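Between the sequences and the hints, there should be enough to build the whole structure, so can you do that?
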Amino acid sequence: MTVPRQPSSPDRSGAPEPPDGEGGPAHRTEARSHMIRRRWLTAIIIVLLIGVPAGYLVISANQSRNSGRDKEDKYSATGLTAGWPSRVQRRLYDVPVQPYSEEVAYYETNNWRTSRLYVQFLTSNAGLTRFLKQIGSEESAFKADDITISKRDRNVVGWEFTGPGPWYGLTHRQKDPAPTLDVVVDRSNAQHPMVYVVSTTTP
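Going letter by letter, the sequence shown gives residues 1 to 203 in my numbering.
Hints are computed from structural coordinates only; laboratory data are not their basis.
No experiment lies behind these values; they were computed from the predicted model shown.
Mixed in with the good hints, there may be bad ones.
So the derived label-pair ranges between C-beta atoms look like this [to be verified]: (1) I45 to E102: 35 to 43 Å; (2) N189 to W40: 51 to 59 Å; (3) P99 to I50: 31 to 39 Å.
Calculated lysine-lysine pairs in the BS3-like style (CA-CA distance at most 27 Å, straight line) [claimed, not checked]: (4) K133 to K143; (5) K175 to K143; (6) K175 to K151; (7) K175 to K133.
Backbone N, C-alpha and C fix where the C-beta goes; we use that ideal spot for every residue, glycine too.
See the structure below:
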């Protein structure tokens, strides 16, 4: 009588190990090492994608803030405020500051007799033409070397019209209660005139 042969146990010491390339210990070690390297690479890429642009934004914001502080310091010594007058102020005083103007600053005074708005802005030749048209005047009204803004008003905001120029001025009078505008323009930059305006109203 023949006894049936029993199958070999998988736990037998003689059972062959799977090849390294098919899930053996060496393969598992290599796979773990590859996974760690991949995670580190992903983390570095994320840091670069988020951190570098964020750094540029911080630097840009600091530069912009410092520039704003420089302007505020520059104008605060003269009483001017860096920035645009409000829309209400521009409308009441009839001072249409032109779009895309630079070096914009203003100052307002009020008392029981008169109110004044002092405004300066750097614009283009086209911007100056539009400004004059909007207040109801034109460039032919300018007179060379005519500083129409009084010494008193110049002292209020520290304007000193002593540069090489050429300088041009005009006074645009309107019927009450519309304001009277004294305008002086510095054309030392032929393409970008600097405009100074004092608008006076009498309540």
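Point to revise | Agreement of K175 and K143 with the hint, judged by alpha carbon distance not exceeding 27 Å | key: 22 Å, holds
Check your understanding: Can the restraint linking K175 and K151 be considered satisfied, given a maximum Cα separation of 27 Å?
Key -> 24 Å, holds
Review point. Does the Cβ distance between I45 and E102 fall inside 35 to 43 Å?
Key: With a Cβ separation near 41 Å, I45 and E102 satisfy 35 to 43 Å, so the hint holds.
Point to revise | Restraint check for K175 with K133, where alpha carbons must lie at most 27 Å apart | key: 17 Å, holds
Review point. Regarding the pair K133 and K143, is the alpha-carbon distance no greater than 27 Å?
Key: Given pair K133, K143 holds - Cα atoms ~17 Å apart, limit 27 Å.
Review point. Quick one: are P99 and I50 within 31 to 39 Å, going by C-beta?
Key: Given a distance of about 36 Å, which is inside 31 to 39 Å, the answer is holds.
Check your understanding: Does the Cβ distance between N189 and W40 fall inside 51 to 59 Å?
Key -> Given a distance of about 56 Å, which is inside 51 to 59 Å, the answer is holds.
Checked against the numbered hints above, the structure violates none of them.
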